[in-house]
Amino acid sequence: MRHEERGKRKESLLAYRGGSGIGGGSLLWLILLLLLVLAVPALAQSPAAQRPAAHSDSDVAREAIGQLRSPYCPGLMLEVCPSGQAEMLRDSIRMLAQQGQRANQIVEWMIANHGEEWRAVPKRSGAGLWAWVLPPLALLFGVGLVAAKLRSMRTREETSGVRATEMTDTDRDRLAAALREWEHAEETGE
Numbered sequence: 183m184r185h186e187e188r189g190k191r192k193e194s195l196l197a198y199r200g201g202s203g204i205g206g207g208s209l210l211w212l213i214l215l216l217l218l219v220l221a222v223p224a225l226a227q228s229p230a231a232q233r234p235a236a237h238s239d240s241d242v243a244r245e246a247i248g249q250l251r252s253p254y255c256p257g258l259m260l261e262v263c264p265s266g267q268a269e270m271l272r273d274s275i276r277m278l279a280q281q282g283q284r285a286n287q288i289v290e291w292m293i294a295n296h297g298e299e300w301r302a303v304p305k306r307s308g309a310g311l312w313a314w315v316l317p318p319l320a321l322l323f324g325v326g327l328v329a330a331k332l333r334s335m336r337t338r339e340e341t342s343g344v345r346a347t348e349m350t351d352t353d354r355d356r357l358a359a360a361l362r363e364w365e366h367a368e369e370t371g372e
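Numbering of the sequence shown is given in the working numbering, commencing with residue 183 and proceeding in unit increments.
In case anyone wonders, no lab produced these hints; they're calculated from the structure. Given the structure is predicted, the values throughout are model-derived calculations rather than measurements. For each residue, glycine too, the CB sits at the ideal point set by N, CA and C. Please note that a few of the clues may not be correct.
Computed beta-carbon distance windows for the label pairs [said to hold, decoys possible]:
hint, residue 1, residue 2, range
1, A360, W312, 53 to 61 Å
2, W291, S334, 28 to 36 Å
3, W291, P264, 17 to 25 Å
4, L357, R333, 28 to 36 Å
5, R336, G257, 44 to 52 Å
6, M349, L218, 45 to 53 Å
7, A309, R336, 47 to 55 Å
8, L212, V315, 47 to 55 Å
9, P264, L321, 35 to 43 Å
Based on the provided sequences and hints, a complete structural model is requested.
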């Protein structure tokens, strides 16, 4: 063991530092950073960000197929379902795209024919809006709970009345002897 590491260990065992908590300013920055991190994916998923100005028919069909789960292969997306019926459904979607339908119109056609349970991406309105709103709110609520708990722990620590006292020479000698014994045991492999 190196001499510097032993010295650092002794210093850390002999020294007492008060606990540090999250201050009001850093908590605000943490919340702002979290909101920014949550806003970026939401902006990236906006319809304007998803599709360029000129969309080919195959892009529209691919976008619609990517938003649907397969009614013929439970648990799989329509784009990867190997069944013949799924291939026929993908062909129907491609034909609708060639006829000029937009991806959201094709998805709504599929949902009308097969049911809401095959929608892979929740709607951004009505009840589906809760699927977009609740997870970030739950995350913010959790961060708030953690911050409140840290603050209460810090306040409790400050008001508990238990303070570190200076070590007496006897305590310091006992601690130094215990450290020497421990280092000796480490060096000899006991």
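Each hint, compared with the structure:
Separation of A360 from W312 is about 58 Å and conforms to the stated range, judged on CB atoms against 53 to 61 Å. Checking the proposed 28 to 36 Å range against W291 and S334 shows it is violated: the Cβ atoms sit about 54 Å from each other. At about 23 Å, the beta-carbon gap between W291 and P264 stays in the expected band of 17 to 25 Å. A hinted range of 28 to 36 Å for the beta carbons of L357 and R333 is consistent with their spacing of about 33 Å.
Between R336 and G257 the CB atoms are about 47 Å apart, so this pair conforms to the stated range of 44 to 52 Å. Between M349 and L218, the C-beta spacing of about 46 Å keeps the proposed range 45 to 53 Å intact. Separated by about 41 Å at the C-beta atoms, A309 and R336 break the suggested range of 47 to 55 Å. One distance hint, 47 to 55 Å for the beta-carbon pair L212 and V315, is violated here, with the actual separation near 21 Å.
Between P264 and L321 the CB atoms are about 37 Å apart, so this pair conforms to the stated range of 35 to 43 Å.
In the structure shown, a violation is registered for the earlier hints numbered 2, 7, 8, in ascending order.
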